[in-house]
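4 protein chains.
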Amino acid sequence: MKLWGGRFEGNIDPLAMRLNASLAVDQRLCDVDIRGSVAWARALARAGVIAPAEAETLCAGLQKVWAEFNGGAFRYAAGDEDIHTAVERRLGEIAGPVAGKLHTGRSRNDQVATDFRLWLAEAIDVLALRLDHLQGALTAKAEAELETVLPGYTHTQRAQPILFSHWLLSHYWALERDQQRLAQTRARVMTMPLGSAALAGTGFPIDRAALAADLGFESIAPNSVDAVGDRDFAAEFLFDAALAGIHLSRMADTLILYSTAEFGFVEMSDAYSTGSSIMPQKKNPDMLELARGKAGTLLGMLTGLLAVLKGLPSAYDKDLQEDKAPVFAAFDTLDVLLPVLAGTVATMRVNRERMRAAVDASLLATDLADHLVKKGVPFRQAHGLVGRVVRKALEAGVSMDQLSAAQLREVSDQFDDEAVAVLSGASLLAGRTVAGGTGLDSVRAQLAKAREHGAHAPASPDDTHWPARHIDQTHSEDIMHPAS
Amino acid sequence: MKLWGGRFEGNIDPLAMRLNASLAVDQRLCDVDIRGSVAWARALARAGVIAPAEAETLCAGLQKVWAEFNGGAFRYAAGDEDIHTAVERRLGEIAGPVAGKLHTGRSRNDQVATDFRLWLAEAIDVLALRLDHLQGALTAKAEAELETVLPGYTHTQRAQPILFSHWLLSHYWALERDQQRLAQTRARVMTMPLGSAALAGTGFPIDRAALAADLGFESIAPNSVDAVGDRDFAAEFLFDAALAGIHLSRMADTLILYSTAEFGFVEMSDAYSTGSSIMPQKKNPDMLELARGKAGTLLGMLTGLLAVLKGLPSAYDKDLQEDKAPVFAAFDTLDVLLPVLAGTVATMRVNRERMRAAVDASLLATDLADHLVKKGVPFRQAHGLVGRVVRKALEAGVSMDQLSAAQLREVSDQFDDEAVAVLSGASLLAGRTVAGGTGLDSVRAQLAKAREHGAHAPASPDDTHWPARHIDQTHSEDIMHPAS
Amino acid sequence: MKLWGGRFEGNIDPLAMRLNASLAVDQRLCDVDIRGSVAWARALARAGVIAPAEAETLCAGLQKVWAEFNGGAFRYAAGDEDIHTAVERRLGEIAGPVAGKLHTGRSRNDQVATDFRLWLAEAIDVLALRLDHLQGALTAKAEAELETVLPGYTHTQRAQPILFSHWLLSHYWALERDQQRLAQTRARVMTMPLGSAALAGTGFPIDRAALAADLGFESIAPNSVDAVGDRDFAAEFLFDAALAGIHLSRMADTLILYSTAEFGFVEMSDAYSTGSSIMPQKKNPDMLELARGKAGTLLGMLTGLLAVLKGLPSAYDKDLQEDKAPVFAAFDTLDVLLPVLAGTVATMRVNRERMRAAVDASLLATDLADHLVKKGVPFRQAHGLVGRVVRKALEAGVSMDQLSAAQLREVSDQFDDEAVAVLSGASLLAGRTVAGGTGLDSVRAQLAKAREHGAHAPASPDDTHWPARHIDQTHSEDIMHPAS
Amino acid sequence: MKLWGGRFEGNIDPLAMRLNASLAVDQRLCDVDIRGSVAWARALARAGVIAPAEAETLCAGLQKVWAEFNGGAFRYAAGDEDIHTAVERRLGEIAGPVAGKLHTGRSRNDQVATDFRLWLAEAIDVLALRLDHLQGALTAKAEAELETVLPGYTHTQRAQPILFSHWLLSHYWALERDQQRLAQTRARVMTMPLGSAALAGTGFPIDRAALAADLGFESIAPNSVDAVGDRDFAAEFLFDAALAGIHLSRMADTLILYSTAEFGFVEMSDAYSTGSSIMPQKKNPDMLELARGKAGTLLGMLTGLLAVLKGLPSAYDKDLQEDKAPVFAAFDTLDVLLPVLAGTVATMRVNRERMRAAVDASLLATDLADHLVKKGVPFRQAHGLVGRVVRKALEAGVSMDQLSAAQLREVSDQFDDEAVAVLSGASLLAGRTVAGGTGLDSVRAQLAKAREHGAHAPASPDDTHWPARHIDQTHSEDIMHPAS
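Chains as they are written, first to last, in my numbering: chain A, 286 to 769; chain B, 286 to 769; chain C, 286 to 769; chain D, 286 to 769.
Derived by calculation from the structure, the hints in this document are not laboratory data. Treat each hint with caution, since some may be false.
Distance condition first, Cα-Cα at most 27 Å in a straight line; then the derived DSS-like pairs of lysine-lysine [stated by the list, open to error]:
| id | chain 1 | residue 1 | chain 2 | residue 2 |
| --- | --- | --- | --- | --- |
| 1 | A | LYS659 | B | LYS677 |
| 2 | C | LYS659 | D | LYS287 |
| 3 | D | LYS287 | C | LYS677 |
| 4 | D | LYS287 | C | LYS287 |
| 5 | A | LYS677 | B | LYS287 |
| 6 | B | LYS677 | A | LYS287 |
Given the sequences, and given the hints that come with them, work out the whole structure.
Structure (structure tokens):
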């Protein structure tokens with residue numbers, strides 16, 4: 286079945302048909318397409334365009350199509366070029382000629398945009414939950430390793446001692462920004478295009494506000510030309526997804542580093558590692574590498590859609606059909622990646638001894654300079670003096686804390702016995718109590734704040750492994766009993 | 286001057302110095318860098334780390350550096366590797382050894398992130414104004430062309446009649462989403478990293494909340510490791526900019542089309558056109574083409590920064606130095622492009638006759654089908670019947686409205702005299718009064734709504750051509766009189 | 286079955302398994318994987334690592350696996366994490382313990398790179414043929430429309446008259462560069478990684494040159510560390526594909542323009558058009574829009590893979606698993622798009638009258654200036670004079686050729702009667718006989734040159750619609766009869 | 286001065302002028318623009334369009350403009366919208382009215398494409414030299430560290446022992462592919478557009494073959510429409526540059542890893558390191574981080590240009606003006622990055638003891654399995670047995686080589702005394718003598734092959750630091766003495 290063709294003489298070329306068809310991709314919209322059609326039938330009835338009984342018949346028919354689809358009994362026909370065509374075709378088989386009234390005053394242009402937005406809003410809800418679980422795994426681990434000290438790195442070089450809990454929470458906040466962005470994107474997603482028809486607005490007196498309320502939209506698109514051609518929401522989602530992917534990639538890259546034999550700070554559990562087909566001793570952090578790699582792929586999806594949109598004429602162009610594949614793929618990627626990383630973090634073994642052992646005295650150089658500052662030495666000068674101490678230790682081939690007070694004084698008589706104590710690590714982290722700093726009290730406060738934001742560990746394995754299928758079933762109740 | 290080096294023996298290779306130096310790019314941060322330093326000096330004094338008199342001296346010195354910079358008297362020295370170094374070096378020349386106290390408890394890691402955010406927030410404010418002016422030009426033009434009819438296009442094929450005001454406003458709403466996104470991004474930009482030092486938090490008891498208030502930040506970064514490595518705000522801005530660019534490219538592409546000899550709907554004024562070095566008759570819509578092209582370049586800036594961030598280890602890495610060039614370039618692009626497009630829209634000549642003449646009867650095919658629907662014919666059947674009418678006209682080589690009632694009835698006896706009237710365009714657009722539709726009342730309501738959102742034409746040419754330099758001067762008053 | 290695990294205690298998490306598994310994507314390599322394994326078995330035998338009889342058994346077993354796969358009888362097992370595992374598992378079921386010898390001295394790292402390269406070389410061959418067919422359609426159409434005149438456009442504004450054949454051939458040459466690039470990429474693709482094992486080189490005395498010859502490789506990778514981590518060939522292919530896509534998008538965009546009601550230069554056949562679900566009169570050039578849109582998607586695939594590769598540590602990392610999906614997708618896109626566009630071009634109707642009618646006298650302004658030049662007027666001055674003629678006509682509201690000789694002379698007495706003749710179009714295109722120009726003789730020569738390059742129309746529909754499946758069967762004969 | 290305007294009434298808006306102007310970017314083409322104009326003047330004379338004496342005057346004038354430009358005496362005028370306009374304007378001031386003849390039969394469309402290609406060919410030559418120097422640094426270092434053993438890594442986990450020379454050369458070959466690609470791109474760059482005029486071919490009988498020979502082009506563009514709109518060469522160069530950048534990023538990322546305190550394999554010299562403004566002990570591998578970061582930025586440049594090109598109408602559009610900035614920036618990036626990395630590699634200190642110490646017995650697990658294979662155990666079974674040995678050692682908390690022969694035999698009696706010897710590292714690398722493997726003889730052969738390809742250390746510092754300016758001066762001799 287084609288939804289057009291009266292004015293056409295020839296048949297479409299088979300390969301052209303294949304290029305044109307979107308069913309392989311958009312069949313995933315079946316659930317929301319049917320929900321949208323149910324609401325449309327009701328709206329047509331409310332507007333007096335069709336009779337209440339006709340709306341009943343259409344809704345009952347759509348319910349049956351939905352049941353077939355969800356029960357696995359739905360069969361596509363040869364000419365079904367997209368999911369909208371397939372559903373309308375099947376509805377006709379079930380409900381008879383009245384099915385021909387469903388598409389009144391509607392175009393696939395506003396229909397597909399409506400479907401896509403409904404789908405995406407639910408997909409965002411799923412990802413919000415997945416993010417929350419990963420955030421929960423990070424906070425739980427941070428609590429367990431609250432006082433574990435390791436070197437903080439900048440430029441991948443040892444910089445200053447920090448708490449491992451602080452490091453874990455640093456990734457919590459990046460994900461929190463992802464949550465915020467997704468929530469803001471969702472609000473824009475939930476603007477309803479339906480009623481815009483092809484581009485000029487429907488020719489029938491549809492109450493779009495009531496229709497929006499019926500479908501759960503938060504607002505209605507204010508301009509029909511914009512409504513059918515706008516894919517900002519898809520691009521925004523892909524950006525949010527790509528940036529979330531980049532956050533995961535940064536956490537993953539650092540954990541890959543920490544799990545090398547040379548660092549030895551963490552070890553991934555067997556459940557989240559794989560081996561080698563040739564090297565029997567290998568245990569590889571594949572999940573982390575995939576997280577890092579998939580950030581690149583997500584970036585490509587974003588770039589691709591933006592390039593599709595660039596330079597398009599106003600309103601609807603067929604190029605927009607390229608919008609769904611990357612959005613679906615980005616969702617699927619994060620839908621699996623996030624729980625896998627939550628599991629990876631939750632089960633990784635932390636080697637506290639290796640971490641602490643890596644905190645050598647040179648990491649306290651800044652504390653030593655700060656010590657001089659507290660004695661009145663301008664910081665810039667203090668930095669220079671400690672730099673000379675560093676070089677002295679390097680030249681002597683010893684650790685800084687092995688230099689005697691006398692040796693320190695060869696550099697400057699500002700170095701007193703307390704200076705030696707600083708380098709001994711006696712008061713490690715003591716001074717970093719500023720808000721957001723790595724001092725123990727600051728991190729405790731930070732952890733409390735994170736918990737307030739609602740992150741929690743998964744309630745149950747089922748919860749973590751929530752099947753993607755769920756997102757299509759959320760509203761099944763509603764569909765089963767179309768409005769009277 | 287280098288801010289480091291005590292522990293180094295050799296000198297840096299000259300080419301390496303050149304690669305490492307960021308001054309050519311980040312000198313643009315001079316104003317915000319000084320503002321940040323003034324606030325930091327005050328914060329150090331508040332924390333008792335330096336004496337109030339020292340803070341006074343530092344602030345007065347910084348004020349002098351600022352005046353030199355803004356007066357064009359500032360001179361860079363050979364070793365100034367970045368703007369922070371240059372300012373601190375010059376401050377030392379002016380204020381003497383106390384200058385060495387300014388960097389106490391601060392790292393360039395938190396300093397540059399702070400500077401960059403302050404700069405970007407102001408840049409966003411400028412772009413919001415620029416967007417507002419273009420929105421103003423669109424609404425003003427929509428008002429002037431409120432009742433002008435032209436074909437609406439989908440697939441770049443004539444689809445249905447719409448109002449040109451409706452088309453103009455369709456671009457208004459896309460820009461409105463850009464405004465919304467930029468505002469949300471700005472809130473995230475205004476989170477203060479200062480106080481995070483290198484990555485562990487400053488070692489001095491700085492009151493970060495007070496410091497944030499002093500600088501106008503809305504919140505403080507909750508984790509020092511995240512704070513120095515987070516560049517989400519820059520990526521978000523580039524996304525917002527790229528998507529705005531895409532909106533402009535779509536409007537531009539359509540206007541390029543409309544200004545061809547073949548369409549002839551609009552003509553750009555000479556003020557926004559250029560000619561050819563070889564073809565004397567040419568008048569080219571270069572501004573629109575540049576708008577379209579620059580969308581591609583903006584997209585590359587976004588992609589580039591995301592690729593920089595992907596896979597980076599936690600906290601600060603030098604790779605992050607690649608962040609500023611694209612953000613500055615994206616701002617500069619839109620800063621000029623938006624007012625030029627505002628001018629282009631405001632001054633373009635609209636050829637109402639050509640537009641109306643292009644609305645041939647075939648564009649009323651949907652109205653004809655809707656007419657049958659109102660008589661009880663299911664839409665799907667009506668669509669098929671009208672399709673056959675279309676073919677009949679094509680085969681006869683006539684326009685649809687040249688078919689007689691009798692000829693229509695050869696297709697179906699459902700076609701009555703009113704059907705002929707529909708094709709005559711008698712009630713063109715009459716039915717599109719749904720919210721967001723192209724009916725005159727709907728567009729009037731839409732226009733009123735747009736005006737509520739605050740879009741207005743530029744108050745004055747000065748306003749439109751607001752020099753970018755302004756964004757650095759906004760707070761000059763404040764800097765001149767550092768807090769007592 | 287897993288090819289690793291002896292050192293592991295726990296089982297892999299099910300979601301992690303799903304994330305890690307690549308079978309859904311790489312099953313497509315089954316054919317080349319088996320070919321690679323057959324060659325490897327032979328190489329092991331040649332090196333004396335396994336007995337000739339063992340090699341025979343392995344090859345026979347692999348042949349059976351291949352037959353099952355190609356006959357649709359192959360069944361995956363639960364633990365088959367990739368195609369290599371699946372094949373080796375099935376081989377074990379068929380051939381018994383000797384199957385355990387196949388992977389001797391080989392790693393999946395070199396195996397998958399080998400498979401992927403073999404697959405890609407054949408894919409490039411298919412695309413070369415597809416490109417050739419489109420080039421054939423362009424040259425055939427150019428021949429049919431050899432003398433058809435239409436306006437050439439720059440900035441989408443009418444510029445100078447050109448031949449439509451010249452326009453068609455302009456796209457031929459872009460595709461010819463794609464051919465050249467693909468051929469050069471193919472040569473780099475055909476460098477053999479096999480024998481590099483995990484990264485250090487195989488521990489057995491394999492004759493890699495003989496192995497390469499057996500598999501059709503043109504050279505062997507000179508460094509085993511590079512060999513397992515190099516994905517340049519995939520990135521290059523994606524670049525070639527993206528640039529080819531961009532060429533198609535430019536041709537498509539222009540044809541979309543030409544097929545508007547306003548231009549009316551061409552009309553796509555019904556076989557390569559679609560209609561609207563709501564507007565009965567619509568006939569949309571969907572194939573061209575999809576060509577344009579898919580260029581964006583292809584660009585995203587390229588960007589994605591490059592982002593994956595950026596910053597990866599040397600040698601093999603799991604991130605590289607992201608390499609195949611975009612390459613397969615890019616191939617599939619062009620594999621369908623190219624023949625559809627060939628059909629579109631071949632069947633489009635050219636409206637010569639509309640084209641000729643659009644060549645108004647203003648397009649001869651350059652010829653008029655050139656005419657003055659030939660009389661000794663410096664071109665820059667001639668350009669200015671003609672510009673004034675253009676303005677004169679605009680102001681008078683007439684076409685330039687409607688100006689009398691007297692009116693021309695009001696601008697300059699350099700305008701003689703011949704000038705009037707120039708504007709009449711009497712010698713349209715006569716002067717553009719420079720090599721590569723649009724003069725008729727030049728285009729004839731160009732067409733001859735294009736034909737030399739080998740472009741030809743598809744021999745038969747079968748040829749055009751060559752199923753992608755073929756690329757896996759090319760060497761089936763060879764596999765059936767493994768070397769004695 | 287504007288090169289157009291006769292038909293225009295109003296003046297261009299100042300901001301529009303700024304947006305339109307390309308001088309800030311394209312002034313860099315001055316040298317090649319003048320060379321192109323000299324050749325064009327000669328060609329016009331050869332075609333009899335201008336007199337030989339006029340050509341002499343033009344060439345002499347152009348020579349003077351060139352001298353002013355190179356001597357720093359050239360001054361731009363307010364209306365110089367691009368470098369072509371600036372040069373022609375200045376030529377007019379010097380040579381008088383005859384300057385107005387230079388642009389005869391030429392458009393900026395073919396002129397700028399010609400200039401750009403000439404510039405790019407020379408830029409590629411410079412980069413080829415820069416690449417060669419880095420390759421030279423790698424081979425020199427490989428020679429110096431020929432027998433240094435370190436762990437090879439896959440998945441950033443220790444995999445098998447390799448030679449450091451082998452690792453260094455792995456990057457040599459990646460760069461060798463860059464060389465090959467650049468050379469192939471260069472050949473396509475050197476196709477001459479000149480003579481294509483605006484898009485239809487010049488109206489004068491120019492001998493394009495002679496003109497091409499004069500300018501050093503290898504061929505002439507076969508189609509004038511394609512010639513003015515083709516930017517494949519720029520996109521190709523950006524791809525080559527981006528991929529080269531990715532190669533550098535991978536080398537850099539690994540060296541960053543190797544220079545951590547934890548790995549301690551290499552230490553960058555002070556000449557290629559920087560310090561911290563706050564942490565006195567820090568020495569950061571900034572050059573390597575910038576190499577990694579700039580790969581992302583280069584990727585953005587490529588993406589940006591491809592997005593610009595996507596969907597453009599045939600022939601010249603103003604969007605193409607976006608082509609030069611990314612190409613110049615990509616060249617500048619590599620022009621500095623490559624010599625800095627050559628210096629970094631040449632001067633880095635290698636810690637052979639740390640490298641060797643990291644080769645623990647577990648890296649010989651594959652050799653142990655291979656040992657069993659040589660005794661007739663199928664590899665798959667051998668892999669499993671060794672995997673159990675690995676676990677045994679892990680559980681015992683000892684290194685594999687600390688297991689006694691008896692303990693090995695608890696796993697399998699296939700383990701004999703030779704097995705123990707294998708794990709002792711007695712014959713480390715002995716078996717990797719396959720072509721391309723890490724065995725010493727293989728690496729020696731590889732090094733010899735690399736040297737054949739011509740890589741050599743920089744002849745002198747001057748050579749390394751070859752100023753970019755040189756590329757514009759190459760042909761100065763030629764310009765000084767225009768053809769008689």
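Discussion item. Given the hinted pair LYS677 of chain B and LYS287 of chain A, is their Cα-Cα distance within 27 Å?
Written reply: holds, 20 Å
Worksheet item: If you draw a straight line from the CA of LYS659 of chain A to the CA of LYS677 of chain B, is it 27 Å or shorter?
Response: violated, 94 Å
Worksheet entry | Hinted pair LYS287 of chain D and LYS287 of chain C, Cα distance within 27 Å | violated, 72 Å
Discussion item. Just to be careful, I want the Cα atoms of LYS677 of chain A and LYS287 of chain B compared with a cutoff of 27 Å; is the pair within it?
Written reply: Cα-Cα ~20 Å, so holds.
Practice prompt. Measure nothing beyond the straight line between the CA atoms of LYS287 of chain D and LYS677 of chain C; if it is 27 Å or shorter, mark the hint as holding.
Written response: Holds: LYS287 of chain D and LYS677 of chain C sit about 20 Å apart, inside 27 Å.
Discussion item. With the threshold set at 27 Å, check whether the alpha-carbon distance from LYS659 of chain C to LYS287 of chain D stays at or below it.
Written reply: holds, 23 Å
Checked against the numbered hints given earlier, this structure breaks hints 1 and 4; the rest are met.
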